[in-house]
Amino acid sequence: MTVSAMEQLYQQLILDHARAPHGHGLVPAPDGDAVGESFAVNPTCGDEVRLRVALRLDDGRPVVDSVCWEGQGCSISRASLSVLTELADGQDAATVGARIESFRTLMHLRGGGLEPELEDELGDAMAFAGVAKYPARIKCALLGWMALRDALTKVGVHPEGTE
Amino acid sequence: MTVSAMEQLYQQLILDHARAPHGHGLVPAPDGDAVGESFAVNPTCGDEVRLRVALRLDDGRPVVDSVCWEGQGCSISRASLSVLTELADGQDAATVGARIESFRTLMHLRGGGLEPELEDELGDAMAFAGVAKYPARIKCALLGWMALRDALTKVGVHPEGTE
Amino acid sequence: MALVMTEKLGTHEFAAVRADFPLLARNVRDGRPLVYLDSAATAQKPEVVIDAEQDFYLHHNAAVHRGAHQLAEEATELFERARESVAALVGADPGEIVWTGNATGAINVLAHAIGHASLGRGGAAAQRFALAPGDEVVVTGAEHHSNLIPWQELCARTGATLRWIPVSDEGRILTNRLEDIVTDRCRVLAFTHASNVTGAVTPVAPFVARAHDVGALTVLDACQSVPNLPVDLHALGVDFAVFSGHKMLGPTGVGALYGRRELLEALPPANYGGLMVEVVTMESATYSMPPQRFEAGTQMVAQAVGMGAAAEYLRELGMDAVAEHERGITGRLLGGIAELDGVRVIGPTTSDQRLAVVSFVVDGVHAHDVGQLLDDAGVAVRVGHHCAQPLHRRFGIAATARASASVYTNEADVDTFLEALGRVRGFFGVSDRTAVAR
Amino acid sequence: MALVMTEKLGTHEFAAVRADFPLLARNVRDGRPLVYLDSAATAQKPEVVIDAEQDFYLHHNAAVHRGAHQLAEEATELFERARESVAALVGADPGEIVWTGNATGAINVLAHAIGHASLGRGGAAAQRFALAPGDEVVVTGAEHHSNLIPWQELCARTGATLRWIPVSDEGRILTNRLEDIVTDRCRVLAFTHASNVTGAVTPVAPFVARAHDVGALTVLDACQSVPNLPVDLHALGVDFAVFSGHKMLGPTGVGALYGRRELLEALPPANYGGLMVEVVTMESATYSMPPQRFEAGTQMVAQAVGMGAAAEYLRELGMDAVAEHERGITGRLLGGIAELDGVRVIGPTTSDQRLAVVSFVVDGVHAHDVGQLLDDAGVAVRVGHHCAQPLHRRFGIAATARASASVYTNEADVDTFLEALGRVRGFFGVSDRTAVAR
Ligand SMILES: Cc1ncc(COP(=O)(O)O)c(C=O)c1O
Ligand SMILES: Cc1ncc(COP(=O)(O)O)c(C=O)c1O
Ligand code: FES
Ligand code: FES
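Protein chains in written order, with our numbering: chain S, 423 to 585; chain W, 423 to 585; chain B, 56 to 493; chain A, 56 to 493.
In case anyone wonders, no lab produced these hints; they're calculated from the structure.
All values derive from a computational prediction rather than experimental measurement.
Glycine residues also receive a C-beta, built at the ideal position from the N, C-alpha and C atoms.
Take these hints with a grain of salt, some might be off.
Where chain A lies over chain S, by a calculated footprint (3+ residues, C-beta under 8 Å) [unchecked claim]:
1) 457-470
2) 495-507
3) 566-579
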């Protein structure tokens with residue numbers, strides 16, 4: 423039982439991402455991109471993340487060129503940053519905004535399932551479903567996503583939903 | 423039973439003194455007397471008393487010529503002021519100081535008796551013995567006595583004991 | 056008693072309410088049944104409140120908002136749910152409720168925060184709160200010391216001037232003076248929702264309107280209203296409000312400061328320490344968002360949980376029903392006193408816009424002596440100035456006796472009180488009727 | 056358990072102590088028995104404490120220091136007796152103990168009062184406390200945010216300068232720096248008696264001596280020492296001290312500020328309201344004598360009574376015996392951790408001058424993940440910066456996990472903890488030993 427509760431929380435996908443996270447390290451944005459940067463703190467633990475989003479225009483629509491970040495945090499927060507990097511890169515900003523909201527919804531589910539379309543949309547991020555059972559860790563999983571939302575706001579993209 | 427508990431607290435002597443208290447009203451001190459004045463507040467109720475003691479020297483010993491006071495208060499405090507006026511007038515300051523201390527002792531007795539000499543010394547003030555059973559009223563009974571002690575201090579008489 | 060959701064409980068239901076309060080079964084002085092008429096000072100607690108606090112210690116006690124372990128999760132959840140309950144009772148959002156030690160503490164949090172803003176703390180956003188010479192703070196002549204002295208002192212520290220709105224002979228705040236006293240200089244208008252002496256309920260609307268006209272902040276002392284009346288802070292439109300747990304059937308050691316979200320976000324902290332900061336270096340610290348910004352150090356978690364239970368209990372009774380029940384008590388108190396010679400009520404003499412808080416003087420007998428005789432009959436009332444000396448001075452008296460009711464007060468309580476009160480002047484020999492034997 | 060007065064309880068007696076704490080019988084996660092090693096955050100409560108608070112509500116609840124009725128007399132007596140119990144535990148006089156909401160509140164009361172004196176409040180007597188540019192406040196690098204930020208902010212408000220004494224690699228405050236950092240400019244020297252991170256106990260004497268030399272006031276943060284060590288404030292010679300009820304087996308919502316009588320008498324109030332004043336007019340107020348001067352509004356009476364019961368409980372156990380018992384726990388914790396690969400203690404690694412508060416990092420695993428795995432094994436520890444970010448930064452880390460003990464902690468608790476801790480690196484796949492199966 424122990425192993426199973428812990429394994430449910432720390433899915434192999436999370437451990438793998440945490441060990442070798444995507445997007446880690448701040449790199450210069452591609453030429454011509456708009457750059458939004460944000461800084462977020464998890465007040466519970468003091469962990470901090472600085473995140474940078476590079477945005478280009480594709481047919482007039484804003485598209486996320488790349489996300490990168492640095493900072494320290496637990497395996498949940500690092501894995502979450504890694505996964506969101508993957509989920510955001512190359513997606514148009516509206517889709518990313520929707521995913522941020524879906525991820526928030528997932529974190530605040532206590533039992534009960536997510537609608538199937540949202541599950542599809544979240545992809546690998548569904549591995550974090552187990553976090554919702556541990557209220558103290560929700561902020562860990564959300565840290566990067568909130569930083570991303572904030573960074574997007576800085577370049578004029580306002581994901582729906584209110585905090 | 424009711425009447426008896428209340429009658430024990432509000433002895434007839436107390437009610438009589440409260441109705442027609444001695445020393446009420448500030449009057450000028452006899453010529454040549456040293457005058458000590460004090461102001462005391464019972465923080466519990468906000469009642470205030472201003473008390474004046476006139477001291478003369480008799481064979482080099484300070485003697486209380488008169489005590490007078492004004493202010494508002496409950497029957498316990500008024501009666502207590504009245505009785506102390508009677509007990510202080512014409513007594514030498516050392517005796518008055520000792521009576522103040524004895525009265526304090528009486529107020530802080532909870533059950534247990536006073537030594538017979540102290541009882542004699544306190545005379546009519548023994549009527550307040552029942553007050554000690556009602557902690558909230560002890561300050562009422564003590565108000566005048568503490569004002570007297572304070573007034574004496576102002577003219578250089580320091581009754582023993584510390585508050 | 057199993058509480059049922061109802062718009063209005065009758066006398067019968069309120070008789071059942073009484074059984075929820077274990078202390079009321081006590082006997083006092085020579086075995087007399089207790090008649091507790093001192094609820095405006097502090098209320099008795101229903102079993103659900105005592106149990107909530109105890110259950111917290113027995114099963115969930117842990118530090119909140121920081122632990123990663125299960126107990127900490129449970130404690131945090133209970134703590135925040137309590138905030139929701141209290142917010143729901145007073146028509147506020149949970150994020151607008153700051154836990155404090157009592158209502159006095161809540162007013163001081165606000166006054167300290169304004170004081171800090173006045174010294175330049177809290178950055179640009181906080182400057183809207185800053186006071187300086189020329190500014191005015193306005194209170195009323197009916198205030199409890201807790202809603203007076205913090206403002207006196209804030210004025211002394213900042214150079215602002217304190218003014219006040221006087222009170223009528225009936226104990227009503229003179230709202231017709233609002234216009235001339237609350238001027239453009241006024242920055243803060245602090246007033247009581249209901250007096251703990253006269254029981255008079257303040258019409259809030261003209262205060263809020265006038266404050267709005269002149270750009271002043273409103274601070275409502277809701278200590279006496281929250282336990283006894285339906286209170287909807289959003290509907291009232293005040294900027295800040297304060298109330299205490301212990302007066303609304305909750306535990307001691309907990310109270311609340313309500314502030315409109317936008318204002319709490321701009322206000323600097325009052326107290327500093329653990330849990331109200333984000334990034335801390337030896338040189339400086341960044342503050343958390345409200346309400347945490349105002350909750351420094353380990354909170355009164357068990358008491359907050361108890362206050363939440365009290366809020367739920369009151370919500371189940373229904374505040375309309377509570378007010379209605381207490382209006383009945385008020386009428387009986389006022390009617391009974393009116394029939395006694397030499398007893399004079401300080402405050403309105405009808406039940407209209409008035410709480411079951413009835414202060415009075417007995418001709419020729421000091422309030423404390425009145426209280427002593429009542430106590431001997433098992434009746435607990437409050438005597439003194441009730442922490443409202445200026446109001447008493449306004450009426451030319453030092454002290455009153457005060458009978459006050461709560462949800463559990465019944466007609467028998469009032470009758471026992473009136474019977475004992477009727478014996479007071481006789482006992483002290485000041486009756487002007489024909490010889491009443493002692 | 057019937058407690059017997061004894062100089063020293065053995066392991067056996069402490070096993071009996073455990074039965075006094077009902078929460079410890081709880082199961083957590085999947086029915087595992089709780090192993091509570093988070094006592095430095097907040098301690099569990101013995102039955103006598105829970106009962107004392109409950110008994111107050113059930114039988115004696117009333118407003119204190121004002122009522123004329125029997126309940127008010129009883130409540131006042133219990134409240135003041137609790138003050139005596141707490142004073143006796145820490146070697147103080149009852150009149151030197153001010154009730155506060157928690158230790159953080161106590162430090163803020165002091166900092167507010169000094170701030171008010173600095174603005175000219177409190178008359179001539181208070182001027183000895185006033186701070187101005189050029190003055191210094193000195194703290195240490197080991198402080199909890201609650202003994203740091205109030206002083207940061209007080210300095211920001213008054214223009215005084217904050218300085219601090221650094222900490223050694225072992226987590227000891229560098230007392231050899233006292234002389235150069237605490238100079239004639241120092242007006243307040245605030246330092247912790249024991250760190251809530253490293254567990255290191257501060258030698259108080261050199262601090263008091265140096266403060267005396269330069270004429271500075273000493274403020275001791277005794278939050279962690281009072282629950283775990285014999286503390287005699289008069290013997291230590293500090294001017295002020297603070298501690299919390301909830302950490303010393305008492306209720307939440309109550310703490311204490313100790314001040315030498317003479318200083319409390321000269322200090323202006325921090326919070327204003329009912330019960331801390333004598334004569335009040337609309338314009339101004341005169342203050343009560345201490346400790347009431349610092350206790351504005353209706354107090355946390357039930358919690359004070361509970362804290363008094365906790366003090367009596369600890370006195371009966373005997374603080375020497377408590378310290379001795381916990382020294383045993385410290386040794387077992389440190390010894391066990393030393394045997395685990397990749398686990399490093401932040402703080403002294405021997406039991407000397409040290410509490411059973413052991414913070415550590417696990418190589419390659421974040422503290423919160425460590426805590427999660429321990430939690431899954433039923434072991435409650437604290438993770439994070441423990442409200443001491445600057446100290447963590449000093450060690451180049453953001454967060455640690457912390458195991459901390461109290462009177463009820465036993466060897467089995469330690470062993471379960473060590474066993475689970477030994478599995479952490481394997482689970483997260485960072486073991487440098489040969490493959491530990493997940
Ligand atoms: C050393 C130290 N100082 C101060 C505090 C603050 O105590 P409280 O949160 O009870 O106010 C704590 C505990 O949190 C502590 O461990
Ligand atoms: C009208 C009013 N305001 C403020 C207070 C202060 O409340 P507390 O003593 O709970 O802080 C009280 C009660 O004492 C009150 O009746
Ligand atoms: S513990 Fe800090 S982000 Fe998870
Ligand atoms: S009640 Fe004020 S002196 Fe007795």
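Each hint, compared with the structure:
Taking a C-beta to C-beta cut-off of 8 Å, the stretch 457-470 of chain S contributes 5 residues in contact with chain A, enough for the three needed, and the coverage statement holds. Note: the stretch 495-507 of chain S has 4 residues with beta-carbon separation from chain A under 8 Å; the three-residue rule is met and the coverage holds. Only residues whose beta carbon comes within less than 8 Å of a beta carbon in chain A count, and the stretch 566-579 of chain S has 0; fewer than three means the coverage is violated.
Hint 3 from the earlier list is the only one contradicted by this structure; the remaining hints agree with it.
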